[in-house]
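Dock chain L against chain S, hints included.
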Amino acid sequence: AQTVTQSQPEMSVQEAETVTLSCTYDTSESDYYLFWYKQPPSRQMILVIRQEAYKQQNATENRFSVNFQKAAKSFSLKISDSQLGDAAMYFCACNNAGNMLTFGGGTRLMVKP
Amino acid sequence: DTAVSQTPKYLVTQMGNDKSIKCEQNLGHDTMYWYKQDSKKFLKIMFSYNNKELIINETVPNRFSPKSPDKAHLNLHINSLELGDSAVYFCASSLGLAGGREQFFGPGTRLTVL
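In order, the protein sequences belong to chains S and L. All the letters of the first sequence, read from the start, carry residue numbers 1 to 113 under my numbering. All the letters of the second sequence, read from the start, carry residue numbers 1001 to 1114 under my numbering.
With the rest of the complex left out, here is chain S (with noise of 0.2 Å):
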C-alpha cells in the first residue's frame, strides 16, 4: 500500500520569508510523480507544483520549489518570499498505477503579516 505521511500539522511564516512544508512517501510503483496542491479557505484543490519521480532536478514553479530525496523517499516544498495569499492547507500527495492519488493528512500554513 502507497503511504504519504505530513508531519507538521501547522507551519508559521512570516510574510516575505521562506519556509519549507515537510513530507515522506513510500510506495512500490516504480514509476511515480509526486505532487503538492494547496487548499484554500474556499477549499479549491489547486495544483501548485509535480515532481517526476525518474527526473534527478528538482522542479520549481516561481517561489515554490521542491527538495526530492528520491533514496530517503522525501519531498520538501519550499515557499520563498511568502505572501498572506499563501496560507492555505498544502497537500504532499504520490500517485499509483491509475493516476490515483494518495493524499498525507495536510499541513496548515499561517503567514503573518
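The set of hints was computed from the structure by calculation and includes no laboratory data. Hints are all accurate, no fakes.
Straight-line Cα separation of at most 30 Å, DSSO-like style, residue types lysine-lysine; simulated pairs: (1) L:Lys1052 x L:Lys1071; (2) S:Lys55 x S:Lys78; (3) S:Lys112 x L:Lys1040; (4) L:Lys1019 x L:Lys1009; (5) L:Lys1041 x L:Lys1009; (6) L:Lys1040 x S:Lys73; (7) S:Lys70 x L:Lys1041; (8) L:Lys1036 x S:Lys78; (9) L:Lys1044 x S:Lys78; (10) S:Lys70 x L:Lys1040; (11) L:Lys1041 x S:Lys73; (12) S:Lys112 x L:Lys1041; (13) L:Lys1009 x L:Lys1044.
Remember, it's a predicted structure, so these values are computed and weren't measured experimentally.
This is chain L only, laid out in the frame that chain S set:
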C-alpha cells in the same frame, strides 16, 4: 467557464436517505475521480473511471456507486446514508490515466448527514 463543476455545493439530509452528487467537466478529459475529505481534512480516493473501466478503492462501502452517462459526467450515488458519510466530496478529472497527469478538482460538495 467552470472546468469541473459539482452540484449541489451543500447537501443536508437524514440518515437512511439516498442521495446523488453530480459532477461535470468541460475539459474534454476521459478520466474522472471521486475523493472524500473527512472532518480532519484527510483526503482519500474513492473511485476512478476511464473509458467505462471503474477502479474502486477497496475500502469504499458498496452503498457508494459512481454512474457515468458519458465521458463528461461522473455522478456519485449514495444509498442508506450514515452519519459517517458526512464529509466533503470532490470530483476530479484528468486526460488519461498515465502517471502524473494533472487532476483538476471541482469545488467540492459538503454532505451533512443528520
